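Chemist: Guided by the hints, dock chain B onto chain A, whose structure is given.
One line per chain: the protein sequences are A and B, in this order. Using this note's numbering, you'd call the opening residue of the first sequence number 1 and step up by one each time. Using this note's numbering, you'd call the opening residue of the second sequence number 281 and step up by one each time.
No wet-lab data here; the hints were simulated from the structure. Please note that a few of the clues may not be correct.
[To be verified] No more than 27 Å apart at the CA atoms, straight line, and that leaves these computed lysine-lysine pairs for DSS-like:
id : chain 1 : residue 1 : chain 2 : residue 2
1  : B       : K388      : A       : K164
2  : A       : K164      : B       : K408
3  : B       : K408      : B       : K388
4  : B       : K941      : B       : K871
5  : B       : K515      : B       : K499
6  : B       : K515      : B       : K504
Quantities reported herein were computed from a predicted structural model and do not represent experimental measurements.
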Amino acid sequence: MSKKTDWRTLYREPGVQMYLVLCLAALAVIVFIQVHRKVGVGSQFLNVVLMIVGLLGIIARLRPAPVFLLVLLDLDFVFQLIGGLIESPVPNLEPGWREPLFFASRWSQEGEGLLLCLAFLAYCAGQFRLQSLMNHIIPRDYRRTEEAPPGKDGQTMLRQVRWKRSASLVRIEEVIVLLVGLPVFAVAGQICWYVLQQPTEFFALPSLVSRFLLASWVLVGAVYVISSLLGYWRTTQMSPEQATLMMQDTVWHATRGEQRYLNRWLAWTMIQQKEQEEPQ
Amino acid sequence: MITARGWWFLLVVVGLLSVSVCAGLPVLGVVTLTLLVWFLASLLLFQVRLRLQHGQLVLEREVRDERGPVQSLWQEMSFVVQVQLHNDGVLPTLYLRLVDRVPFGVTKIAGESEIDGTTRPGFPLSLKYHIHCTAPGQARFEGVALHVADLQGFFYARQFLRLPQVYRVLPALADVQGHIPTVKRHNLLPSLGSHRHRRAGSGSELLDLRDYLPGDPPKTIAWKVTARRDRLITKVFESEVPLRCTFFVDTSQSVRVGATGDNALARLVEITASLCQATAGRRDLPGVCLFDEASVTTYLRPARSPRHIVQIMNRLAEAAMLQPASVEVSVESVLPLAYSVAEELYPDLLNRHVNHCPWWLYFWSPRSPATMRLRPLRSRSSREWLWPMLRRGLRASWLWFRQYILYRVLLPVMLLLYWSLPISILIWLLLSQRQPFLPRRLFEIDFLFPALLLLLLYWSLPVWIMILARRTFLFRWFLDERAHYRWRKQLAALLSMRYELGPGGTASLLENEEQLVAYMQRFLAEHQVPYVPPFYGLQGEYLFAAPDKIEVLSRALLHAVARGKDNELFVLLVDLLELEDQLEPLLHAIKVALARHHQVMIVCPWPPGLAVPDPKRQEELEARLLGAPVSDVAELRRLLMQMTALRMQRAYGRLRRTFGKVGVSVLCAAQQDSVQLILNRLERLRRQGWRVR
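Same shape as in the complex, but just chain B:
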């Protein structure tokens, strides 16, 4: 509440007032007393005005484009955000600084998202800025932060006016060439009869000629050819039955890794959205199946209505915002971020009046070592087994010692002895009648005041030492751990209330690390805060491989095949790199699909920043890496990147060979022109002709 400036002023004024009273300096006394009265009155006035303006402020936000307010945003387009803070009270507010929180998924390109001033009834405080949507997903506007201060800068309060508004950022509309139109087009359908679906049907384009069969309508007889060949020949026309195309999009943990909007999932979503629009543009029927490692989350059967396309876009936008989550990550890696987000968005719920953590609780009831997750043992060899076991034993022993001996016995006893030492000496002196050590009048003012001051100084010495030494390693570690303990409790209470875990939720989250981590990740994901979890677990295993998705995908593919009405195209947009050993169920499902005369193709997302697969360059890279010297860190980093690229390229090669054996092509979704490549591929597949069942 009182700022550093205010504290300094107050301390100096009170100190000088005490000096003036003790030393008998009336001028200084009157002046400092006047300043003290002014300071306290200002503080009271600030508090009262802060209470009065509570609940009187109303926030309004509008996102609009050149035509007016919008409900959804589009990728690669710019919008205007207007925020107004109205005062419904009678009095003007205190000095305010209004800061609008720009969502993570969008970029501010012009204007200011903060403004200062006061707001009076009828005179709102308003700000306006432009945003640009760079990636599909969601843009969540949380609300505005209000920084309230007095004009002298003595007092300060921070509030957050919550007004959560979620806007879907739909993938950009792209035409067949992959160009993004400048104006939104509602009708992308071409005129009828423009299909090139090479199978017999009742279209208008001639496909072939054949001998007449009984039952053929007479109007299909090609009379000129019949006359020339002297037998009845019938015209066969192209079919106008549209192509049904289902996109299986991988939304598992493996593609979520990376910054939201810049990870493999965002790329897959962009490609899927473009393909869906292109497919719909040719009057084909796109469908979408979103799956992760647990189950199929969304399955939209192929359809063609505009509502269906919008539904696909909405689902894709929601999927693009998925963030990586793992219960294997430690509390310490998520807690600071989650707490800082909570502190920013929910300052009222972390207030000590409603969410209190006693200072002594850390000493009395610290985290139990029994519920901490320690590094598990490996038992492959004695070298891998002995040292970890020793480390684990030492850590567990230290934790037990700290909790039950140090904090509960040693520290209190030492402090008690330290604090009671002067009183014990005094009592001993009094009881033993050692007059020379005591003044004649113990409670004489000349003795009592300095003695009390000295005693206070002595008693507060441990606190002073801690304050002065807080930047040293030992105390910083201790204070950090204590701060983490408080954050943990406050966050546990907040999450328990937010997710309605009941009265026992706080204690449950405090003790159960796995549960707390899961809820913290959910909290971060709901507020769309980018979070990069540790990629490797306690045993050094990669946490985001998600091999279970292959089983889920296989089941989904078989399900789609079983319900296929016609020869369909299944596009699997899935990350299968380095999962070659577990592809058996998928290969089986693909064989079934091919046996039913469906077409399958695979689009594999490529890790951003790595060189795309190229056989010629791969050989060069291999040759270069063989004798590459490592001179500095930058060189080592470059070398590691190249090795990773090589590893991925080899994995991609293996993947192509594996699926090539069953006649399925694999495309790499790395380049910017991937969409065009895939569309060309689709077109080629379409022109190859379809085997008739």
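With the rest of the complex left out, here is chain A:
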């Protein structure tokens, strides 16, 4: 089967088509909101680029498309900030965006923001799942190789195996679960942003720095606590072999120095003995 036919066959799979539709719909929403949100020729040009990149991500399987979309989202504002055309933060352009979106009183504008979050989330999830179906889901390993189809000169070469997810495994249920979960994360993001926007000051540091430090500490603390709990859970699930090895490793770490001296002398003695025994 040629490479071209392979892709065509994949695009005909119902599972792939479901995610294609999801990504296209999400991209349409993103582009619509961006066009509605921004004014100016430069911004509209950027929106066209965003649409092209988004489409390339879906049709041509451009892998970093979600990342590019994120970068392109407010690139014009960043350029304006760098060029000194606007002041940071941007109070005059979109006053509604400065407030917590979900909790703001004017739902029409803030609903747009929520929709953008949902659309981005849907696009990212759909695009990465498409990558799993069409590119690879398991990280590539240079040790796993297969024979590539013969080239023009008729020689076959080895290439890394790409373990894709079988398209036949895609069920409508998983897409529904994804769609149901999207608003939850969007709302959670809004809440986090709301918390992050609250004026906080400690140690006489500026509010921005205080919030940044607070957010960092909260994140690091949460990761630490959760990883500790998961680590404890993992310890309770250890097999006898793992437990034995862990205890043996603990003993080795505690007595490493003494054991090293003893065994080094023993090994040295054995080598000397052997060298003396060997005929010249």
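Modeler: For chain B alone, coordinates are given in the frame of chain A:
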């Protein structure tokens, strides 16, 4: 845990979030924060589900042929392997990719040994494929590798469900003509009385006539001949006493060299199995003696029961899987293979939570030069002595310098100076009150943030340099050595636990190279991983000649002769090429056997890929090699092969002459029809008649 795709996504999201917070871009901030929350929640969910499915997966494997499940496999036959992964939990699993590890001794001929999907309670994940057994030995199914991932490909975990199952691959059943039957035959015995054992006995076939002796039973008198000759003549019948045949099979290091199933040992095992079956098929009694350079490992006295034949086949199958091992090989040559096998089969035991190697240990406690095996000196001439001694001295000096000066003194001092330089300058500026160099408010935010960033960049510069320059020669060498150090420690801990060496086992294996090499080779042999060790030692000597086996074989032969009940046939399947100088004990044992009216023949395995001995071709080859030009590498390689073949053919000729002097024939086990040749030879020997004691 997090894949490259996941790391890129996370880094970009966190970076853009920081930009949005600093630059005051709320849209980008909210979107990236939403994505970050989604990513972290997915990670948590993945971890929790991974923990939940731990211990809930049950693996089942069945190997079957057309009649049903089997316990042993047969060479040159195909079988079906069925693997099922059951979920005993409540929830469906994450996305899985199940990869069954096909044993090295067999070949997958159809079907897929991997499958992906999820498994739910009552809905196992199953796969099925066909294997073909090419060589006798053992097929060890280790288990299945489980690659777990989320649907986005952000997170990944690898597990290995171990379910070791060892199946013996018994040598193919062959008939007298060497044909492999398509259906297994349980009874190959011919009807009684089909022997051609030319000695007097109580059989039904007439062997000879002789004069009557007092005591002869009257029923044996040949009355017609008696009447014709006018004196009493007695009929002598053939004996039905079966022939006892013992096969001495060489399993020493010299025949193990090569890929398992494709080396001289596999050939010897095949020949022995065929000969045993053929011998048993003629209602003779086959016995087997397996020996190596250390001792006789198996001795099965000649017998005829079906159980005995099965026992011989089992022992031969076990012997066929023996792999070459030598304590003379270096750690570096075995370590990468052993570690990669351990990484594949025991990922849970190499996890840093249970088997940890601190990153700084390589610098603080590297391998001691005192316990490294350096190239020994030769003292034959000054040219062979001076340069190796110089090399050895330089290497030892470099190792000592590296351990005690570079890693423990120079490197830490340099790094300390480098890292403390900015703080020292700052303290100096503060103490010397040099105001122009310092801002008015040192801890002002406009100064502090960039200064901290610069400081972090400065401090992490050595790490960045190492990351960027890791592909250059110097750093690659350094990183390789550091990786080898970590592999060594982790493997030492694993082997110490596996072979129950006690709490001090790890340290012992870390320091004692010889011990570590021995255990690594044992580990590889247990998992039947083909391993080609270096053939030559530090002094350039061939490591796998195994001359001690001649002494062992001689003792075994004398032992068999001493316990021989009748005139027996001893077939020595042994590699004696290029050991002509050390054949004295064997010649002595053979002479004893011949003096006791036994028969001896030798079957010598021939190295695969070399031209078989042929006197006419040998002369041609010699003439061709004399003036052969060498134009390129391929030509040189061909020439080397021809020279090796010539060397072996000469050695074979010498061997034939040596044993020919005592009346023992030597056969070459190279061709595919060796079995038939040997059987014909046996038959000829049988028909020659036996000298009566």
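Chemist: None of the hints should be skipped; say for each whether it holds.
Modeler: Going through the hints against the structure:
1. K388/B - K164/A: At roughly 22 Å apart (the allowed maximum being 27 Å), K164/A and K388/B satisfy the hint.
2. K164/A - K408/B: Given pair K164/A, K408/B holds - Cα atoms ~20 Å apart, limit 27 Å.
3. K408/B - K388/B: holds (11 Å)
4. K941/B - K871/B: holds (11 Å)
5. K515/B - K499/B: Since the Cα atoms of K515/B and K499/B sit roughly 9 Å apart, the hinted pair holds (cutoff 27 Å).
6. K515/B - K504/B: Status holds; Cα separation ~11 Å.
Figure legend: structure checked against the earlier numbered hints; every hint is met.
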